[in-house]
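K.L.:
Chains as they are written, first to last, in our numbering: chain A, 1180 to 1466; chain B, 1180 to 1466; chain C, 1180 to 1466; chain D, 1180 to 1466; chain E, 1180 to 1466; chain F, 1180 to 1466.
Don't read these hints as lab results, they were simulated from the structure. Since we're looking at a predicted model, the values are computed, not measured. Heads up, some of the hints might be wrong.
If several chains are the same, the list does not tell them apart, and a pair holds so long as it fits within one copy or across any two.
In silico BS3-like links for lysine-lysine, alpha-carbon gap of 27 Å or less [as the list claims (entries may be wrong)]:
{"id": "1", "residue 1": "K1189", "residue 2": "K1236"}
{"id": "2", "residue 1": "K1462", "residue 2": "K1333"}
{"id": "3", "residue 1": "K1212", "residue 2": "K1299"}
{"id": "4", "residue 1": "K1189", "residue 2": "K1250"}
Protein chains: 6
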Amino acid sequence: MTRFHRANAKSFSDANIIVMGVPDESRSHATRKGTSTAPDTIRAASDESEFFVRDGKLIPTVPMRGTLEGKRIFDAGNVQRNAVYEQARKIVEAGKTPVTLGGDHSLTTDILKAAGSGRKLSLLYFDAHPDFVSSARNYYGSVLTDSADYVDYKKSMLVGTRAAEPEEIENAKKAGLAMVTPIDITDLGVHKVAEMIREKVAGSRVYISVDLDCVDPAFAPGVSVPSPGGITVADLLYLLTSTISSCDVIGFDIVELSPDYDADGRTANLAARILTECIACLKKSPS
Amino acid sequence: MTRFHRANAKSFSDANIIVMGVPDESRSHATRKGTSTAPDTIRAASDESEFFVRDGKLIPTVPMRGTLEGKRIFDAGNVQRNAVYEQARKIVEAGKTPVTLGGDHSLTTDILKAAGSGRKLSLLYFDAHPDFVSSARNYYGSVLTDSADYVDYKKSMLVGTRAAEPEEIENAKKAGLAMVTPIDITDLGVHKVAEMIREKVAGSRVYISVDLDCVDPAFAPGVSVPSPGGITVADLLYLLTSTISSCDVIGFDIVELSPDYDADGRTANLAARILTECIACLKKSPS
Amino acid sequence: MTRFHRANAKSFSDANIIVMGVPDESRSHATRKGTSTAPDTIRAASDESEFFVRDGKLIPTVPMRGTLEGKRIFDAGNVQRNAVYEQARKIVEAGKTPVTLGGDHSLTTDILKAAGSGRKLSLLYFDAHPDFVSSARNYYGSVLTDSADYVDYKKSMLVGTRAAEPEEIENAKKAGLAMVTPIDITDLGVHKVAEMIREKVAGSRVYISVDLDCVDPAFAPGVSVPSPGGITVADLLYLLTSTISSCDVIGFDIVELSPDYDADGRTANLAARILTECIACLKKSPS
Amino acid sequence: MTRFHRANAKSFSDANIIVMGVPDESRSHATRKGTSTAPDTIRAASDESEFFVRDGKLIPTVPMRGTLEGKRIFDAGNVQRNAVYEQARKIVEAGKTPVTLGGDHSLTTDILKAAGSGRKLSLLYFDAHPDFVSSARNYYGSVLTDSADYVDYKKSMLVGTRAAEPEEIENAKKAGLAMVTPIDITDLGVHKVAEMIREKVAGSRVYISVDLDCVDPAFAPGVSVPSPGGITVADLLYLLTSTISSCDVIGFDIVELSPDYDADGRTANLAARILTECIACLKKSPS
Amino acid sequence: MTRFHRANAKSFSDANIIVMGVPDESRSHATRKGTSTAPDTIRAASDESEFFVRDGKLIPTVPMRGTLEGKRIFDAGNVQRNAVYEQARKIVEAGKTPVTLGGDHSLTTDILKAAGSGRKLSLLYFDAHPDFVSSARNYYGSVLTDSADYVDYKKSMLVGTRAAEPEEIENAKKAGLAMVTPIDITDLGVHKVAEMIREKVAGSRVYISVDLDCVDPAFAPGVSVPSPGGITVADLLYLLTSTISSCDVIGFDIVELSPDYDADGRTANLAARILTECIACLKKSPS
Amino acid sequence: MTRFHRANAKSFSDANIIVMGVPDESRSHATRKGTSTAPDTIRAASDESEFFVRDGKLIPTVPMRGTLEGKRIFDAGNVQRNAVYEQARKIVEAGKTPVTLGGDHSLTTDILKAAGSGRKLSLLYFDAHPDFVSSARNYYGSVLTDSADYVDYKKSMLVGTRAAEPEEIENAKKAGLAMVTPIDITDLGVHKVAEMIREKVAGSRVYISVDLDCVDPAFAPGVSVPSPGGITVADLLYLLTSTISSCDVIGFDIVELSPDYDADGRTANLAARILTECIACLKKSPS
Ligand SMILES: [Mn+2]
Ligand SMILES: [Mn+2]
Ligand SMILES: [Mn+2]
Ligand SMILES: [Mn+2]
Ligand SMILES: [Mn+2]
Ligand SMILES: [Mn+2]
Ligand SMILES: [Mn+2]
Ligand SMILES: [Mn+2]
Ligand SMILES: [Mn+2]
Ligand SMILES: [Mn+2]
Ligand SMILES: [Mn+2]
Ligand SMILES: [Mn+2]
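Taking the hints into account, I'd like the entire structure generated from these sequences.
P.N.:
Printed below as a string of structure tokens:
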């Protein structure tokens, strides 16, 4: 099995951060296939692009912000699609932080159900798409609809949105769910957007979902449903690290990598980098 | 008795926001006297500068951000210096928000003691001075020292600081208390500073204390201990309203107005304006 | 008679810019009196603060942006309050640009009526107050209401607003009239606000009215109805000069100076400076 | 024939916006060929990347700013290179807005000739190159020279320029034509640049030409003459949408897509996105 | 004699920074008199506004940036106007840094002559006025003209300029001397201006002259020739401290305080604060 | 031999800027090979992407900032790896500016040794990696360690760093070497970073080394050791041109291009563009 080389804990019980993969794309409608191979591709990309080998020693690179010191990370391997909820519940109930690698975006619904523990969460959803379709259900395009019982829409935000269907816009408006497009981010600047995010989620437990298609295809060509006009990697990393450093983030996922359409591992390496930078900014244990 | 005309509640029990004055300067060392007359001066300034009279009707102006609708404000009048703690405790225990008009800055210690209810608070301290002296105690220059049991220094911030004694700098460093000078605010920009504040106090209950000397003497000549090089009123109002709108603010005070040194009511009017804008951004009831 | 020393044209017919004073405060309700002495005070302030005398020669200072070269300015002196409309109509029909010094703000209504020539204008209204009262009429607080026939509200903007009555807010909302407070200007930054202004007035003929109370009392203590929390002079000058340089501005006025409450001529000198900088950015002839 | 799926009008007369393609590269000197296939490639890209299919229904995505509601768009198909002027004249005379898909950049000259209707236009030219060669004529590198009779250079601007010949720089200087490089945009920030554009074109009718090589090759690899150091897609979309929303834009074109050099449709999808976002910000009918 | 309380060195030879006063206004043409009393007023203001007294001990405040540790400051008292050059030469030849308190601005000419040691200096001139008159000489309005032999105009800059005579503008243009107005500073932002300053003086020895009239009269009412529309104190302090921290600054002066026109010591306190913050950012010994 | 077409000098002695290539990758540990072919690839890319051919004439494009006029450039061809120090010394001793095209990054050590002429230099190191390994030596990963005798770390800066080993972070900390990550650049903005650079190197002679992996792989896929999360080309070009225009830059290099992994010449064209823009901003002769 491919292993996440940043994982430094021997066992589930020894860790405070649990990484798992969901090698499944059964609830995707995309014409581009292959996201089921993503979890292992990201692990391998981390191995390759975030470590140097010298004199037979494996040397890790250091994250830009935050730290990996004191973080005990366990890679729980891959789980079946229908076991996602149970596994996430186990992680959350053990007081640990779930970090999930998709797979298609539908898995987020199951994590949210497990992570909320009965209380609604704030959701930060970095995605070109709102995934708020209601005319179809239980697939990668209806995550927000399917998660209605677990998410406090008024304390949540869509970031990087730029390819929404009319019914999604209407659903977001009705739900009071805020949306920030890439043009908005250019207009407002990252500090203002970071401020808006914090204001929005203030006082809540926060879950972050990163659909890699939120960034521009120039930076992330290997995704299931690419959309032009995306945000830059620098803006994404700033928003993620500053939010995780200062808000009560209880878990996150990275989804929709489609390795077959990647250019020279660029998107996979980016996924691995997001994974590391986000873990480095997490608190040691969730609240 | 001068009354705060924004006060719209008939009784203490009917209100969720309680305004009180502390007409006392016994713990000030300033050569400029007169801050004991400030509470009533601020009430009168609000009456004069925030209301228009037309056809015998008193017409209030509307705050720039937030709203006064749904806020039930009671003016509990003035209290003796030695009754501050008791009165504040009564307000907090009744689940109401204390808003206090000084008087010298020492009163903040008593409010913090009452407001924390046993748990340490985040403190945002807008002041030209750190008020963190430890070689003297129980006066307007040792508020931070005297409040050690009620404040989580690491989740607090001094804003607008520019006239600190060496021992205050040292005390702040030891305590891990962050400090942002007016030059820093110019350097970083208000959005970044607002972001830093929110990051600092994330997850905590927050108390805000506004020493009017934080702004430049051009805007606030009527204070006990003026210091050149202060922040602008626009920056202050932005930082206050954006913080109160998004953080869990449980009370605030406005202190150190010295009416005898004012120019044409400029500082008193400003105090009244800060009072209104802050109340307008408060949540309806404290958490 | 006090003369505006920048006036370099011999006669009305020789000029393309006509300055006139309106020494009248009969439609003011302010408790602070004296704005009827303002036109001559501004002329004298220009003389004193914008010219140097050396070896018996009067040497003018040069504006920061734009130029006075090619501008032919005639000072038509003071006019009676009830002659304002006629005088303004004469200026506009002769293809010249009216520049008016108040006096109370009510004069703007008469200028707008004359300047529009039957077509509605865009109005940029720099003022702490919206002056959009409708429960009283024909005074300095109802300029926007009284000018309904001459102003296209949807292409106009209130700038620096911070002391509005509830009915004014409602009237603005109904009319689709945009409003930018001083906190908004700090939040958005001047470039974004300048952009919003230009977007708003695009394609229209624009009239600008500057109530000196739009800036903070620190910069302009000598006004009829001061209000704390105003914009800075630097922001005002940037917004005025950049707008006049790029939009189709057909006239402007400067009103509400109250010399009796001034501090050492600070507000009068500022009025003179605004007058010069705005004239310097005007086109040679109105469109 | 490939059809632009956003086209919702049944006939030319029924529409206010007319899209046409110019599948011609006869006046290009580029070594990279293929721009004659671009119009249909962009139509297909729009179909594929801006629509979702679900349950047999075609569902359009919603633009980020502006709206498509009330826009009646007719796709007039492709026209021969020598019919461009006539077709554009027909569109303009019918009071409709021409939107043209190149083809090589030379077509812009014919549109400008038709669109001006005898009065010179403001031209915003987003291009890595000034296309202001005068030592050769009537090709994709001499658009500005060839359009001298139709363009008011002093009210026009080159944006994103970074690969100019010496004679082009000289021609621009002589003509008083402003130029903003990608380094300038980074230096000035997008709000300032948007402000400069509006200032430049104030009061004029504006035509916008988008050579896709204005953005960096990372975002648009599939162009005829790529040049490193381009602007970001986010900056381009901000500048286009904010300008179209607020200025009197009477038409635009998108040119120089070279599909053979594209990477996985990235540039074609971007072209389609620019097309949609620009149409959404157009006024309903040209002035 | 009034003494600068920050002065901690016993003797001239013991110090690396020498403060001197020039109580002379004989070369001023201002109608406002009194700048000859400024040096002692600034010393007294520093004593009063920058020190606290507690339990009989004098406690200094700490500068915002830089440090006073390791700085050995000697107050050489006041010198006659005609001894300025000699005294400055003595300081410079001893390898020490001259810090001078005016007095009228003409003294700067003598310091520049002494400080250059035969090589031309970069001059940063913070002033509402260019002081570049050439039709009169040897007075406070011709400093730049009189210093032609000591200043490299092309590597110098006027900052805060807003009240220039036509001949001064012409002289500056001819000399290649850059000028940044307060509107420019608002337009460009402080970081860009700081960058431009550093670029301008790169590689040169720099002298800084601060005419207190560079800031707005709201912040500095007590100056000889006030001019509306000035920069803010925050911008001034940022530009001074960032420049001194990073460039090769070999001396500075603070001039034109007119105590008789001050409001409650505001300008004098500001002068003292500028003095301290600038000294704190100086290198220990000049290069 | 491939020639750099910008080279306009006939001989070494005739030139003030000397370009040389180092076609060597013997001290690289990268798994991606091919950087030894980079010097000629960059020359060819410049020829192709920075020149137009028309009517048999070769027409150069003009740089965005700075100028090539008066620059006399000689292309000294390629040198063996072990001759780099000698060749660089010859250039420097002749008072000329060395511009070097790698090859692996280790060559920088030899240039620094030659260029310092015995005095330590300021080094600006644009690189995803610190290249400050000390557990191995004399390779592309230990440039900073190997150059300890030639570089004043405290006056140097790493820019764009994001893939550092723990020992590199430690070495940088110990040495007092500043580091700015891509997230920092997004956070601080380019003007602040440019200011920090100038502050850091003030008064020193500066050498700049550009490892192409500093920019994001979207812009520069063709490098030996790509790392996600890089800076944008626009930010790089702004920082390079503004620094070279204002600091005492005595030479620079561009390294680590790996043509085999490039996409359609994108990285090579970028290298050529960096080369031209940097030369255009150089002073005519080094100090
Ligand atoms: Mn998704
Ligand atoms: Mn998506
Ligand atoms: Mn204080
Ligand atoms: Mn205090
Ligand atoms: Mn008014
Ligand atoms: Mn008003
Ligand atoms: Mn073109
Ligand atoms: Mn082009
Ligand atoms: Mn002066
Ligand atoms: Mn002056
Ligand atoms: Mn590298
Ligand atoms: Mn390297």
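K.L.:
If a hint holds in the structure, say so; if it does not, say that too.
P.N.:
Each hint tested on the structure:
With identical chains, the CA atoms of K1189 and K1236 are at most 27 Å apart within one copy only, with a shortest distance of 20 Å there and 51 Å across copies. For a Cα distance limit of 27 Å, the shortest separation of K1462 from K1333 qualifies both inside one copy, at 25 Å, and across copies, at 15 Å. In this assembly of identical chains, K1212 and K1299 lie within 27 Å of each other by CA distance neither inside one copy nor across copies; the values are 33 Å within and 52 Å between. In this assembly of identical chains, K1189 and K1250 lie within 27 Å of each other by CA distance solely inside one copy; the values are 13 Å within and 55 Å between copies.
Hint compliance for this structure: hint 3 alone is broken.
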